[in-house]
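My request is simple: use the sequences and hints to build the entire structure.
Spelled out from the first residue to the last, the chains are:
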Amino acid sequence: MSHHIVEVKQLRHVYPDGTVALRDVSFRIHHGQSVAIIGANGAGKSTLLLHLNGYLTATSGIIRIGDHQLSKETLAEIRRTVGMVFQDPDDQLFMPTVYDDVAFGPLNQGLDTAVIEQRVVDALARVDALELRNKPPYHLSGGEKKRVAIATVLSMLPEILVLDEPTSGLDPRARRQLMALLQDFHHTRIITSHDLDMVLELCERTIILHEGTVMADGPTLEIFSNEALLATCHLEKPFSMQGCPVCSPEGTRRRPAQQRPLVPPHGDHPHDHHHHDHDHHHDP
Amino acid sequence: MLAIDGSLLDFKRLDLLAMQESAVHRLDPRAKVLTTLVFIVCVVSFGRYEVAAMLPFCLYPLALLALGDLPTGYIARKVMVVIPFAVMVGLFNPLFDRQVLLQLGPLDIWGGWLSCLSIIVRTILTVAAAVTLVAITGFPAICEALERLGMPRVFAVQLLFLYRYIFVLTDEGGRVARARQLRSCGKRGQGLRHFGPLLGHLLLRTWERAERIHMAMLARGFTGEVHARRRGRFGGREVLFLLGWSALFVALRLYNFPQFLGLLLTGN
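Taken in sequence, the protein lines are chains A and B. Numbering (our numbering) for the first sequence: 1 to 284. Numbering (our numbering) for the second sequence: 1 to 268.
Just so you know, these hints were derived from the structure itself, not from any lab. It is possible that part of the hints are untrue.
[Unchecked claim] Chain B is faced by these chain A residues, among others (derived, beta-carbon under 7 Å):
1. 55
2. 86
3. 96
4. 109
5. 138
6. 222
[Claimed, not checked] To give a feel for the contact side, a few chain B residues facing chain A, derived at Cβ under 10 Å:
7. 10
8. 16
9. 139
10. 147
11. 160
12. 163
13. 164
14. 165
15. 174
16. 177
17. 204
18. 207
19. 209
20. 220
21. 222
22. 223
Ideal placement from N, C-alpha and C gives every residue a C-beta, glycine not left out.
Pasting the structure below:
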């Protein structure tokens, strides 16, 4: 069954002002896969995500979710199948209480009260936020907001989860907690992020977008080992793959020139000359 | 701007108070909203020189304060905030209305003074009732009650969104203002000229956020109707609360109890 497949074919999107955000994007994601979509700012990641649940309409190209091709008729079904978690949880949590927010989707689906109650409790328990159910969203911390935002989507029982920058703005512990949570999901996951260490841990496959086209698509580890590719796409190896500059001297030496620290280490005086100039300047 | 940040934090406290548990907190919001409406109508409909007859009405907010276990000082401070506005409204009455209505020994009391005082008392009473209503009910529940009482759903949803995003908006506004302040080096910066673009910027950001929220709503199957959870039941306790207080308000409105009491005590 091709139920949870996401297929994008020759997708092109031109904004009304003439900006070509996506030139020609094609990929196919299989059931249960966890895929990262990465790229520099303005590479077209957000535009691509907004196509996946039909918020933006493609200028040309085809999007297929499961057995349905995205169109006006299949929009409702596709929006249920694709759970979209936005970057800023304040955009996603708009109801007076956490409970109401998680119930928003199921209520729109027109389910029974008892079913809705069950769905809300399950979704909140899944993200470990059951005790927050009666709180208003603006009383929550950043990490709590993020987890609740995920619950609002889980309560609709999506088959595919699309997450935009899930770890942005989280403290290290909240980030870990969220990553552990995402690791446990069996949904098809599509994640955009600049947090490449998170990508390395969570996604077996990575797609690099660059100026509206797919620059690379393959196993995450393989892509992150290709330094030349990363450099052209304005990216950098995740920190966990870079040699540690403190404890392994070879690591520092292998780093490309433009990445050398701005402040020279002690004993190294390439800026001495400059310093003298500077002093001179201040002499009366 | 700090002041606005601070007063908003205070707003959150009002919210926390509404989450407490007590007999009045548990009442169906509709009963409380209706009772407060009757209260306000009764107080506002008094004659312009009436002061003493309104005083017994303070019983209602005070009773709710006690029953709902609310911090009196905090609620009093909230009410105080509006007194300057009431004073502004009544300020010129003593200048225009110099008809002598009352004589306290050698002192002539003009009608203007009485009507000014009356405005202030009215304001304090109605605002106190409204603030305690929010503190024992919570804003979202009030919106829901209003909607169930017949207010068009669009307005209810608008009010809910207003309440949800006023926190986000003031946060954003606060940050922008702070950034401006820090770069104007303790002076007045470029004066008022820069507030135009600043507000415009804030408006654009709000617009963009609205678009993102709409997106999030669509993503979860929004079709133009907000299905709210129905809570609470209008039972015997609610009827009792509504009718009991309303009867008292109407009685206090029709008969001048302070005067009655005075007559009784002086034996006339």
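Status of each hint after checking the structure:
1. 55: Status holds, d = 5 Å.
2. 86: holds (6 Å)
3. 96: At 3 Å from the nearest chain B Cβ, residue 96(A) passes the 7 Å test, so the hint holds.
4. 109: holds (6 Å)
5. 138: Hint holds; residue 138(A) Cβ to chain B Cβ min 4 Å, cut 7 Å.
6. 222: violated (32 Å)
7. 10: Status violated, d = 14 Å.
8. 16: holds (8 Å)
9. 139: Holds - the Cβ of residue 139(B) comes within 10 Å of chain A, reaching about 8 Å at its closest.
10. 147: violated (13 Å)
11. 160: holds (6 Å)
12. 163: holds (7 Å)
13. 164: holds (6 Å)
14. 165: holds (8 Å)
15. 174: violated (14 Å)
16. 177: violated (19 Å)
17. 204: violated (15 Å)
18. 207: At 13 Å from the nearest chain A Cβ, residue 207(B) fails the 10 Å test, so the hint is violated.
19. 209: At 6 Å from the nearest chain A Cβ, residue 209(B) passes the 10 Å test, so the hint holds.
20. 220: This interface hint holds because 4 Å falls under the 10 Å limit.
21. 222: Holds, about 6 Å.
22. 223: holds (6 Å)
Hints 6, 7, 10, 15, 16, 17, 18 from the earlier list are contradicted by this structure; the remaining hints agree with it.
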